[in-house]
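Asks: Please work from the sequences and hints to get the whole structure.
Sequence lines, in order, name chains A and B. Everything in the first sequence is counted per the numbering used here, starting at 80 for the first residue and increasing by one. Everything in the second sequence is counted per the numbering used here, starting at 73 for the first residue and increasing by one.
Mixed in with the good hints, there may be bad ones.
[What the hints assert, rightly or not] Derived SDA-like pairs: lysine to any residue, alpha-carbon spacing no greater than 20 Å straight-line: (1) B:Lys195 to A:Arg139; (2) A:Lys108 to B:Arg217; (3) B:Lys195 to A:Ala123; (4) A:Lys108 to B:Val184; (5) B:Lys195 to A:Pro102.
Calculated from the structure, these hints are not laboratory results.
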Amino acid sequence: MKIIPAPCKPADQAETVEIVANPNRLARKALVMDSDYDRAATPAISRAERALEQVRRQHRAQLPQFLDRLTEHHAAWRARPRAQARERLLRAAHDLRGCAADLGQPLIGRIAGSLSRLIGFVAKPPAALLDAHIAALRAAGRPDAVADDPVAQAVAQELEDKVAQAIAREPG
Amino acid sequence: MRLEFDRLSILLAEDNAYMRAALVAMLEAFGAQAIHQATDGETALALFHEERPDIVLLDWEMPAPDGLAVARQMRDRESSPDPFVPILMISAHAERARVLAARDAGVNDYLVKPVTPRVLYDKLLGLAVDQRPFVAAPGYFGPQRPDPQQPDPSARRPREDDTRKTGHPGDRA
Numbered sequence: 080m081k082i083i084p085a086p087c088k089p090a091d092q093a094e095t096v097e098i099v100a101n102p103n104r105l106a107r108k109a110l111v112m113d114s115d116y117d118r119a120a121t122p123a124i125s126r127a128e129r130a131l132e133q134v135r136r137q138h139r140a141q142l143p144q145f146l147d148r149l150t151e152h153h154a155a156w157r158a159r160p161r162a163q164a165r166e167r168l169l170r171a172a173h174d175l176r177g178c179a180a181d182l183g184q185p186l187i188g189r190i191a192g193s194l195s196r197l198i199g200f201v202a203k204p205p206a207a208l209l210d211a212h213i214a215a216l217r218a219a220g221r222p223d224a225v226a227d228d229p230v231a232q233a234v235a236q237e238l239e240d241k242v243a244q245a246i247a248r249e250p251g
Numbered sequence: 073m074r075l076e077f078d079r080l081s082i083l084l085a086e087d088n089a090y091m092r093a094a095l096v097a098m099l100e101a102f103g104a105q106a107i108h109q110a111t112d113g114e115t116a117l118a119l120f121h122e123e124r125p126d127i128v129l130l131d132w133e134m135p136a137p138d139g140l141a142v143a144r145q146m147r148d149r150e151s152s153p154d155p156f157v158p159i160l161m162i163s164a165h166a167e168r169a170r171v172l173a174a175r176d177a178g179v180n181d182y183l184v185k186p187v188t189p190r191v192l193y194d195k196l197l198g199l200a201v202d203q204r205p206f207v208a209a210p211g212y213f214g215p216q217r218p219d220p221q222q223p224d225p226s227a228r229r230p231r232e233d234d235t236r237k238t239g240h241p242g243d244r245a
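Replies: Written out as structure tokens, the structure reads:
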């Protein structure tokens, strides 16, 4: 296998760039070309949808625990604003963002996404804005909460706008 | 075309219990039997060395090292047991900068949560069909980036002695 210097640069500055054949072990081991896509994919995907729904049912009840954990991490960070506490809160928000919509709580996922952007991209997030996210998440997690309630949607939008403004104020 | 999932060894690195359960359920429904699970980057790398998986599914946000760092180590030709392993990054991060960072770490493809069975199936099949050659350049080892003019970069299978010039790491020549 040859190494070829990239063109248009003096020899002493030349970057070596190499193109290497992909052995594609995966295709050689398990890719079969004997059937059309739908014939194999449709039943597999149907089975997966049923299996996924079963997992969702098992985990839906755990959403309040996710919210409790998030609230605890927020309280811990407010009490002692250390990097480790911030990281825990960010991870909790990110987890919620990743799974809430899948568990039938898109509003919680949306607010958690806004919170994770606030923690992830703003060096010193305003305490009031953090508090507002936590309060909104607690409200959205109440059993009687309605995800597409216009007021709830307006609150989520307002939080996202405030976070966007805070990110825009960040230097660099 | 189809993948014989029952022949595959799959490494799944995901710290969120729900997401991990959901992904395992979908993979098993596809027919996968050997699914090695990790909840942090360190365990993922250890399993990668021990099990030599055919596919790696990596969450970005997990206890150190994170998915991005894990992908970089898997692509390290000096130390990796299989620097060509197909890597699918799965993340709630949809920001363009994140996707580009994952690409620059050498991942083959990127999947934004929530994950649906159809998208997961298609992405996994896509990893097998993907025959892009790899690019080795200072600071990068990974699949050649797709040419926007040619949506199917896997159309051409490179020869073993295939060596060409390119301008930037990962960019199509």
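Asks: Do the alpha carbons of Lys195 of chain B and Pro102 of chain A lie within 20 Å of each other, as the hint requires?
Replies: holds, 19 Å
Asks: Holds or violated: Lys195 of chain B and Ala123 of chain A, Cα atoms, limit 20 Å.
Replies: Holds, because 14 Å separates the two Cα atoms, which is no more than 20 Å.
Asks: Check whether the Cα positions of Lys108 of chain A and Val184 of chain B lie no farther apart than 20 Å.
Replies: violated, 27 Å
Asks: Could you grab the alpha-carbon distance between Lys195 of chain B and Arg139 of chain A and see if it respects the 20 Å cut-off?
Replies: violated, 26 Å
Asks: Do the alpha carbons of Lys108 of chain A and Arg217 of chain B lie within 20 Å of each other, as the hint requires?
Replies: violated, 24 Å
The earlier numbered hints that this structure contradicts are 1, 2, 4.
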